[in-house]
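Participant: Using the sequences and the hints given, assemble the complete structure.
Chain order of the listed sequences is A, B and C. Note that our numbering has the first sequence beginning at 1, numbered continuously upward. Note that our numbering has the second sequence beginning at 1, numbered continuously upward. Note that our numbering has the third sequence beginning at 1, numbered continuously upward.
Treat each hint with caution, since some may be false.
[Said to hold, decoys possible] Covered stretches of chain B, going by a simulated chain C footprint (3 or more residues, C-beta under 8 Å):
(1) 103-112
(2) 184-195
[Unchecked claim] To list a few chain B residues with every Cβ distance to chain A over 10 Å, as calculated:
(3) L27
(4) G138
(5) V174
(6) E201
(7) T280
(8) Y295
Keep in mind that the hints were calculated from the coordinates and are not lab data. Heads up, the beta-carbon is just placed ideally off N, CA and C, and yes, glycines get one too.
So the chains spell out like this:
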Amino acid sequence: MVVVGQTFVILVRGLDLSVASLMATVAVLATAFKATTNDAIPMIFVAAIAFSAVVGLVNGWLVARRNVSPFLATLAMMIILQGVRFAYTGGAPISTLPPGMGFLASGRILGIPVNLITLALLAIIFGVVLHRSRLGREIFMVGSNPKAAFLNGVAPDRVIIFCYVICSVCAGIGGLFLLGYVGTVSNWVGQGYELDSIVAAVMGGVALTGGRGNIFAALLGVAVLVVINNLVLLLGFPIEMQLIIKGIIIIGAAAFYRTRLA
Amino acid sequence: MSAVVAEFRRNRLSLSYVIVVALLILLVVAGGFLSDRFLTWRNFGNLFQQLVVLGMVSLGQTFVVLLGGIDLAVGSLVSASTVFIAHFLEWRPDLLWLALPLALVAATAIGALNGLLTIVLRVHPLIVTLGMSSIIFGGTLMYNKEPGGSVPRGLADFSYAKLWGTPVTAIVLVAIFALAGLWLQRSRSGRSIYFVGGDREAARLNGLPVNRIVVMAYALSGLCAGLAAIFLTARTGVGDPRIGAALTLQSITPVVVGGTVLAGGRGGVLGTLLGVLLVTMLNNLLNFLNVSSYYQWVIQGLIIIIAVSIHTTKRRQ
Amino acid sequence: MVTPVIELSRIEKEYPGVKPLDRVDFAVRPGEIHALLGENGAGKSTLIRVMGGAIKPNGGSMTYLGKPVSWQSPKQARAAGIHVIHQELALFPELSVAENILVDAQPRNGLGLISGRARHARAAEILAQLGVRISTHAKIDELPLADQQMVEIAKALVGEVRLLVLDEPTAVISGHEVDLLFDNMRRLKREGVGIVYVSHRLEEIFEIADRVTILKDGQVAGTGPVGDLTREEMITKMVGRRLEQIYPARRKAPAGGPDILKVSNLRAGHRVRDVSITVKPGEVVGIAGMVGSGRTEVAEIIFGTRALDGGTIEFEGRPLDQRRPREAIRNGVGFLTENRKDEGLFLGLPISANVMAPDLAGVTRRGLIDRRGERDIALEQIRNFAVAAPSPEVKVGNLSGGNQQKVLFGRWSRIARKLLILDEPTRGVDIGAKVEIYRIVRNLAEQGVGILMISSELPEIIGLSDRIFVMSQGHVAGEIDGASATEEAIMDLAVRSIDRREGKAARLEQVA
Chain A
1 MVVVGQTFVI
11 LVRGLDLSVA
21 SLMATVAVLA
31 TAFKATTNDA
41 IPMIFVAAIA
51 FSAVVGLVNG
61 WLVARRNVSP
71 FLATLAMMII
81 LQGVRFAYTG
91 GAPISTLPPG
101 MGFLASGRIL
111 GIPVNLITLA
121 LLAIIFGVVL
131 HRSRLGREIF
141 MVGSNPKAAF
151 LNGVAPDRVI
161 IFCYVICSVC
171 AGIGGLFLLG
181 YVGTVSNWVG
191 QGYELDSIVA
201 AVMGGVALTG
211 GRGNIFAALL
221 GVAVLVVINN
231 LVLLLGFPIE
241 MQLIIKGIII
251 IGAAAFYRTR
261 LA
Chain B
1 MSAVVAEFRR
11 NRLSLSYVIV
21 VALLILLVVA
31 GGFLSDRFLT
41 WRNFGNLFQQ
51 LVVLGMVSLG
61 QTFVVLLGGI
71 DLAVGSLVSA
81 STVFIAHFLE
91 WRPDLLWLAL
101 PLALVAATAI
111 GALNGLLTIV
121 LRVHPLIVTL
131 GMSSIIFGGT
141 LMYNKEPGGS
151 VPRGLADFSY
161 AKLWGTPVTA
171 IVLVAIFALA
181 GLWLQRSRSG
191 RSIYFVGGDR
201 EAARLNGLPV
211 NRIVVMAYAL
221 SGLCAGLAAI
231 FLTARTGVGD
241 PRIGAALTLQ
251 SITPVVVGGT
261 VLAGGRGGVL
271 GTLLGVLLVT
281 MLNNLLNFLN
291 VSSYYQWVIQ
301 GLIIIIAVSI
311 HTTKRRQ
Chain C
1 MVTPVIELSR
11 IEKEYPGVKP
21 LDRVDFAVRP
31 GEIHALLGEN
41 GAGKSTLIRV
51 MGGAIKPNGG
61 SMTYLGKPVS
71 WQSPKQARAA
81 GIHVIHQELA
91 LFPELSVAEN
101 ILVDAQPRNG
111 LGLISGRARH
121 ARAAEILAQL
131 GVRISTHAKI
141 DELPLADQQM
151 VEIAKALVGE
161 VRLLVLDEPT
171 AVISGHEVDL
181 LFDNMRRLKR
191 EGVGIVYVSH
201 RLEEIFEIAD
211 RVTILKDGQV
221 AGTGPVGDLT
231 REEMITKMVG
241 RRLEQIYPAR
251 RKAPAGGPDI
261 LKVSNLRAGH
271 RVRDVSITVK
281 PGEVVGIAGM
291 VGSGRTEVAE
301 IIFGTRALDG
311 GTIEFEGRPL
321 DQRRPREAIR
331 NGVGFLTENR
341 KDEGLFLGLP
351 ISANVMAPDL
361 AGVTRRGLID
371 RRGERDIALE
381 QIRNFAVAAP
391 SPEVKVGNLS
401 GGNQQKVLFG
411 RWSRIARKLL
421 ILDEPTRGVD
431 IGAKVEIYRI
441 VRNLAEQGVG
451 ILMISSELPE
461 IIGLSDRIFV
471 MSQGHVAGEI
481 DGASATEEAI
491 MDLAVRSIDR
501 REGKAARLEQ
511 VA
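Facilitator: This is the structure we're talking about:
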């Protein structure tokens with residue numbers, strides 16, 4: 001889910017380091033309702049999406065309007081969110097959650113995991129937006145050549161901001177699912193996702209220079225990453241081995257796409 | 001000092017510097033008002049000691065950023081180096097003269113490998129160094145998961161030694177920065193980092209050995225990480241495979257606060273030094289004011305945004 | 001027989017599928033200006049790169065100053081005295097002029113440290129040799145293009161230069177900037193330097209070159225003293241066929257009817273001071289003038305990408321207030337910018353996406369893009385404009401310059417129902433494609449579109465325009481009828497009112 005969003009941002013020559021921090025923050029926000037019944041779930045979703053959208057708006061504004069490099073803007077956002085979150089929780093984990101949240105993560109409909117359904121749904125919606133809609137075309141145009149996009153009647157700033165909002169909202173929803181999965185909120189929930197999501201997108205062939213990529217290929221990148229992680233565990237390799245293999249694959253995959261497309 | 005002045009003039013970075021210096025002065029004055037312990041010689045000694053490690057890593061990062069790259073492996077490299085040093089010295093405390101150079105050589109080599117990979121594979125440095133970081137971290141964990149090892153008395157003393165009331169480590173740091181500034185401004189190889197960072201293709205067409213320069217910058221970043229690890233091990237007395245993790249991103253803040261542009265080709269080490277001072281002093285002051293470290297994060301994030309906004313706005317004019 | 005500075009014999013270069021150089025013989029004598037002609041893709045750039053050491057040939061041999069050589073890197077060729085000035089200047093925009101000139105030869109003091117003072121002194125000395133007055137402290141991106149080019153030439157004079165290669169140096173400069181360049185070329189020639197000169201402008205070849213070699217499809221199509229070949233013979237050799245007529249027939253009667261565009265007393269910044277221009281439907285109106293005379297700025301103001309300080313723009317008789325390209329496009333105005341790679345094309349996207357870029361609404365059904373419709377339109381435009389591409393899915397970055405430009409015509413001809421602004425429409429395009437572009441422009445005009453064309457190539461302006469406005473220093477210096485215009489008349493207006501202190505173009509002036 002996070003990768004779907006990350007793909008949008010990378011396509012407009014950006015990247016978002018704040019996704020993981022946002023996931024955790026949204027998770028904390030969800031627990032802030034101290035809800036014990038399922039009635040609160042819609043509200044939690046609305047609040048989470050709204051909060052994420054604001055974060056994305058700020059990221060996008062900094063990048064598009066203030067010319068701050070995406071790396072720094074989202075890095076700063078990551079640190080800020082982290083600070084706000086810790087200040088609120090005081091560093092302790094919380095676990096007041098409506099019971100229905102767990103269903104999101106581990107429930108099944110017709111035997112298919114709910115989270116997979118949601119992911120597929122999101123991927124299809126955003127895939128269509130990106131690859132078939134007018135807005136999607138504008139995203140590719142801005143990523144490929146922002147100046148030319150402007151001269152062709154596109155407003156690059158708006159497109160860029162939109163991408164950051166999409167990215168943050170995806171991360172926010174991802175955070176809720178993760179919360180349902182884990183059950184409790186430690187302040188570091190989601191840590192590592194920012195880099196993993198970029199890596200997966202790159203492995204899926206999304207070019208960091210913008211304007212080239214495909215959501216479904218990016219998700220394939222996720223699948224590969226997940227399979228690798230699982231494989232390493234199944235083969236009984238220790239976690240450190242997993243780190244090493246991941247590192248090699250990151251570099252190797254990127255190199256592979258580079259030479260193939262060059 | 002002349003190198004520093006030269007940098008001032010030639011890169012016309014003065015306005016960036018003036019802003020950072022003004023902020024620094026503001027901080028010192030504010031600090032003096034807000035806490036009676038802030039403006040003491042003793043505190044400034046501590047402060048310098050605190051910034052030595054960050055300073056070294058940021059210096060290395062400066063070289064790479066000037067080149068238009070980024071090094072996300074520094075944190076893991078610092079951790080790995082502390083583990084190496086501490087364990088080696090636990091084994092043979094008498095071989096201090098061998099352990100430290102060996103650590104530096106190894107760190108430099110790994111840095112050079114980063115540079116080499118970006119060239120050979122033609123992959124974005126973000127990805128390469130990220131992958132390397134993961135590999136180094138994994139490798140370190142394989143060796144040892146917990147902090148361990150020890151250092152001989154002499155090395156530990158070095159970290160607390162003072163000369164005329166100033167920590168020796170701080171003097172060493174400033175000396176290294178001055179040397180780095182001189183090298184960047186006044187030597188052929190140093191200048192070429194600006195050329196390559198400004199426009200890599202143009203540098204190639206001008207007959208500069210671009211690949212060698214890239215590898216050199218990353219190697220220097222590795223060397224700086226190694227030096228930082230020495231300072232760090234000397235102070236903590238152990239090798240900790242996780243101690244450097246936060247340094248990776250922390251090292252970027254002072255670089256950009258000091259006016260070095262992520263796109264490469266502009267900036268300098270003086271800015272980084274000021275940036276390190278600013279960030280460390282701010283945290284120090286906030287500690288005195290009993291502001292929780294959580295809010296310190298928020299403030300650090302805001303500083304990045306504000307500093308970069310100032311630098312970019314100025315450039316557009 | 002003097003020993004040539006450089007002599008290439010049977011040089012071959014092969015990439016998978018293409019052979020940009022096929023047994024090419026080429027020699028430059030000392031003190032000779034040798035023009036290298038050919039369409040884009042004929043192999044000129046590859047040949048230059050071979051001489052400069054940027055590319056290693058697959059076959060053939062090369063001798064330099066009488067000795068066989070085989071360059072391993074540009075550095076080696078440069079050390080031997082070969083200096084190549086590429087079309088895209090190899091300068092560092094953030095750094096000072098002095099540092100750029102002495103990029104690889106920074107003067108050092110006794111301690112081995114670079115000396116700033118010596119650097120500026122040496123750079124100033126070299127610039128004085130060239131007869132240009134540029135501050136050695138200025139940053140490159142503060143200089144006009146012509147000055148930047150002089151800096152590039154100054155770099156050649158740092159060491160010993162025996163062979164100077166200039167790849168289309170006049171593409172970005174005009175008027176007396178060209179004269180200054182030629183003066184310097186002649187001076188170097190007198191000093192015995194061999195010069196290779198690449199240009200698409202035949203007039204310049206006759207003015208400056210001693211000998212000419214024409215490349216066609218990677219082979220030498222002809223070589224000899226310039227005087228031995230006529231202009232027509234050169235063109236024939238370049239394109240491999242006779243061009244009956246380069247420029248299509250002008251319109252018979254002057255365009256009638258109301259003005260489609262009426263610009264009055266336009267002012268914007270210091271570049272545009274007082275510009276009044278009119279365009280009628282079906283008319284090709286040329287704007288001539290030096291680079292930096294405000295031509296591009298006027299186009300940008302009309303299209304809505306640049307703010308104006310004063311004056312009015314009337315479009316179809318109504319005051320126009322289009323402050324964004326989007327509105328201009330909606331009004332039926334198109335703008336083909338001078339820099340197609342930076343501002344025009346989406347190199348990584350297919351032809352279809354490039355053609356439809358300003359008209360996404362036209363192929364959007366219920367928010368989604370109708371891909372078949374898009375493909376059909378793209379195919380039609382590929383046919384209409386004879387773009388050499390196998391399918392609309394081909395990425396534009398893989399096309400030649402001429403075909404890229406045709407894709408842009410395919411794009412804007414659909415949009416510009418009323419007015420099409422062209423800024424240097426044939427820059428970097430080979431002569432065959434140029435002729436096609438001229439026909440396209442005239443055809444569009446005949447369909448009733450008003451054309452406003454900016455160009456630095458006077459023959460093109462004269463050959464194509466019905467009326468010509470000549471700009472100088474942000475003013476319209478005069479209006480000339482296209483049919484009776486001469487290059488002299490245009491140049492006379494273009495340089496007439498130059499204020500030497502104010503004009504950017506005038507910064508580059510001869511030191512007496």
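Participant: Does each hint hold? Answer for all of them.
Facilitator: Here is what the structure says about each hint:
1. 103-112: Per the Cβ count (0), the hint is violated.
2. 184-195: Our answer is that it holds, as 7 residues pass the Cβ test (under 8 Å) against chain C, meeting three.
3. L27: Per Cβ check, B/L27 is outside 10 Å of chain A; nearest 19 Å; holds.
4. G138: Its Cβ does come within 10 Å of chain A, the nearest being 3 Å, so this is violated.
5. V174: 27 Å, holds
6. E201: 15 Å, holds
7. T280: 16 Å, holds
8. Y295: Answer for B/Y295: violated, closest chain A Cβ roughly 6 Å.
The structure fails hints 1, 4 and 8 (numbered hints given earlier, in ascending order).
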